[in-house]
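Reading the sequence shown from the start, the letters are residues 4 to 223 in this note's numbering.
No lab work stands behind these hints, which were simulated from the structure alone.
Watch out, some of these pointers could steer you wrong.
[Unchecked claim] Here are the computed lysine-lysine pairs in the BS3-like style, where the Cα-Cα straight-line distance is at most 30 Å:
id, residue 1, residue 2
1, Lys105, Lys81
2, Lys81, Lys44
3, Lys106, Lys81
4, Lys117, Lys106
5, Lys196, Lys180
6, Lys81, Lys117
7, Lys117, Lys105
8, Lys44, Lys117
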Amino acid sequence: MRLHRLEVTAFGPYRDRQVVDFDALGADGLFLLHGDTGAGKTTLLDAVAFALYGSVPGARNDAKRLRCDTAADDVATKVVLELTVQGQRLLLERSPEYQRPKKRGEGFTTQQAKASLTWLDGVPTGQPPEGLTRIDEVGRTVQRLLGMSVEQFFQVVMLPQGEFARFLRADTAEREKLLERLFGTQRFADVEKWFVDRRRERGREVEAQGSECVVMGSPR
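Go ahead and model the full structure; you've got the sequences and the hints to work with.
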């Protein structure tokens, strides 16, 4: 997975539209995301996670407060992420559910969550050319492309504070299963199984030939 561009509007502490050009940042290789406490570093990581899965790590997701408190009433909360995954360049756009003042009358109304996925360099076989606009379809497609559930993504990619320790404390079988999916090691397991099967097959052939020699060499 390679990130190209992130855009956030009225999300977390970012009241106005902000754009992060990951292509420019990563032109020379790795880059460091740093700043003072409260500068909004975690929010940018949350925005990436939200664009992909419609969720953010840990207690922040339980709070359901993704909209900026100081955003103007007529400015929609939105995250847009452009990325390439498995050789496919796509654009993800999501908005969370939140309460906003009614356009007519007093009180508040619920702004429903939205999600969309647009293919940028050719539509894959079997996918609608206009893209996806249903939240469940976007979620399933992203999970299929990344090969990880949202829980697995948070454990090994986002590495939220305090959450990686839980991964380290997981039992061996759970870690092995997760790392196999993350690093695609199943092919090595398949090769290992092939060698084991061949060894057993050759062993049976040797035993059969040995038995045949004994029978042929025995006195009549």
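Exercise for review: Would you mind confirming whether the straight-line C-alpha gap from Lys117 to Lys105 stays at or under 30 Å?
Suggested key: 18 Å, holds
**Study point:** Restraint status (C-alpha distance of Lys117 to Lys106 at most 30 Å)
**Key:** 19 Å, holds
Review point. Does the structure keep Lys105 and Lys81 at a Cα separation of 30 Å or less?
Key: Judged against 30 Å, a Cα distance of about 19 Å means the pair holds.
Review point. Does Lys44 pair with Lys117 here, judged by a C-alpha cut-off of 30 Å?
Key: Roughly 24 Å separates the two Cα atoms, so the pair holds.
Review point. Given the proposed pairing of Lys106 with Lys81, does the C-alpha separation stay at or below 30 Å?
Key: 19 Å, holds
Review point. When you check the alpha-carbon spacing of Lys81 and Lys44, does it fall within 30 Å?
Key: 17 Å, holds
Check your understanding: Between Lys196 and Lys180, is the straight-line Cα distance small enough, at 30 Å or below?
Key -> Holds - the C-alpha atoms of Lys180 and Lys196 are around 17 Å apart, at most 30 Å.
Review point. Between Lys81 and Lys117, is the straight-line Cα distance small enough, at 30 Å or below?
Key: 9 Å, holds
The structure shown violates none of the earlier numbered hints.
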